Amino acid sequence: GENVEQHPSTLSVQEGDSAVIKCTYSDSASNYFPWYKQELGKGPQLIIDIRSNVGEKKDQRIAVTLNKTAKHFSLHITETQPEDSAVYFCAPMGGYQKVTFGTGTKLQVIP
Amino acid sequence: DSGVTQTPKHLITATGQRVTLRCSPRSGDLSVYWYQQSLDQGLQFLIQYYNGEERAKGNILERFSAQQFPDLHSELNLSSLELGDSALYFCASSGGDGTYEQYFGPGTRLTVT
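Residue numbers (the working numbering), protein chains in the order written: chain Z, 1 to 111; chain C, 112 to 224.
These aren't lab readings, by the way, just hints derived from the structure by calculation. Given the structure is predicted, the values throughout are model-derived calculations rather than measurements. Note that the Cβ used here is the ideal one computed from N, Cα and C, for glycine as well. You can trust all of the hints, since none of them are fake.
Derived DSS-like pairs: lysine-lysine, alpha-carbon spacing no greater than 25 Å straight-line:
(1) C/Lys-168 <-> Z/Lys-98
(2) Z/Lys-42 <-> C/Lys-120
(3) Z/Lys-98 <-> Z/Lys-71
(4) Z/Lys-106 <-> Z/Lys-37
(5) Z/Lys-68 <-> Z/Lys-37
(6) Z/Lys-37 <-> C/Lys-120
(7) Z/Lys-71 <-> C/Lys-168
(8) Z/Lys-57 <-> Z/Lys-22
(9) Z/Lys-37 <-> Z/Lys-58
(10) Z/Lys-106 <-> Z/Lys-42
(11) Z/Lys-37 <-> C/Lys-168
(12) Z/Lys-22 <-> Z/Lys-68
(13) Z/Lys-37 <-> Z/Lys-57
(14) Z/Lys-22 <-> Z/Lys-58
(15) Z/Lys-37 <-> Z/Lys-71
Label-pair restraints from in silico Cβ distances:
(16) C/Thr-210 <-> Z/Gly-41: 25 to 31 Å
(17) C/His-121 <-> Z/Val-20: 33 to 39 Å
(18) C/Arg-129 <-> Z/Gly-16: 49 to 55 Å
(19) C/Ser-138 <-> Z/Ala-29: 27 to 33 Å
Please model the complete structure; the sequences and the hints are all you need to start from.
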């Protein structure tokens, strides 16, 4: 099955700084690369995604970059705010839609 | 609000019992996914249905089963419950073929005592 690794597992940044989370996957058939945000007591929420034919996608303060050759993609959050504090998961998907979530990154934004 | 509903919100039961968790997908979505999230753990994919048919299977125990009905709602059945089955169970829905974006429900917290 797909082997998905996410780093770092915890990340603390000062408000206004940038945060980067990296996801490495093993299945070369993966063609959809989303990031989810999970706040305490809630279900995960899709925040940004990218398909395999695109290298980068940006949505306001959030961006995702994909390196298919190296099999990794990253979440970039700029100008972090306290409400960005949450657990972030990557979940690359392959052709059969079997989903493997990363182990999660707990982001703490310090005011 | 994602548009995905799950019932019940909380469930407390004893070991050896059987429970059914229910999920209604977003309007128009054909695909339903089930996940298990244990305390401080990541999300484990259990099973996916698309338009009533099983599409993909993950780490689902033989004691667990699921189905998707003609009205597209789905149920996850957990039997012979063990203490280790205590977890949050999420369902998510997506449009279907070629549409991978998943929208998660609020989850059902299962406690087995």
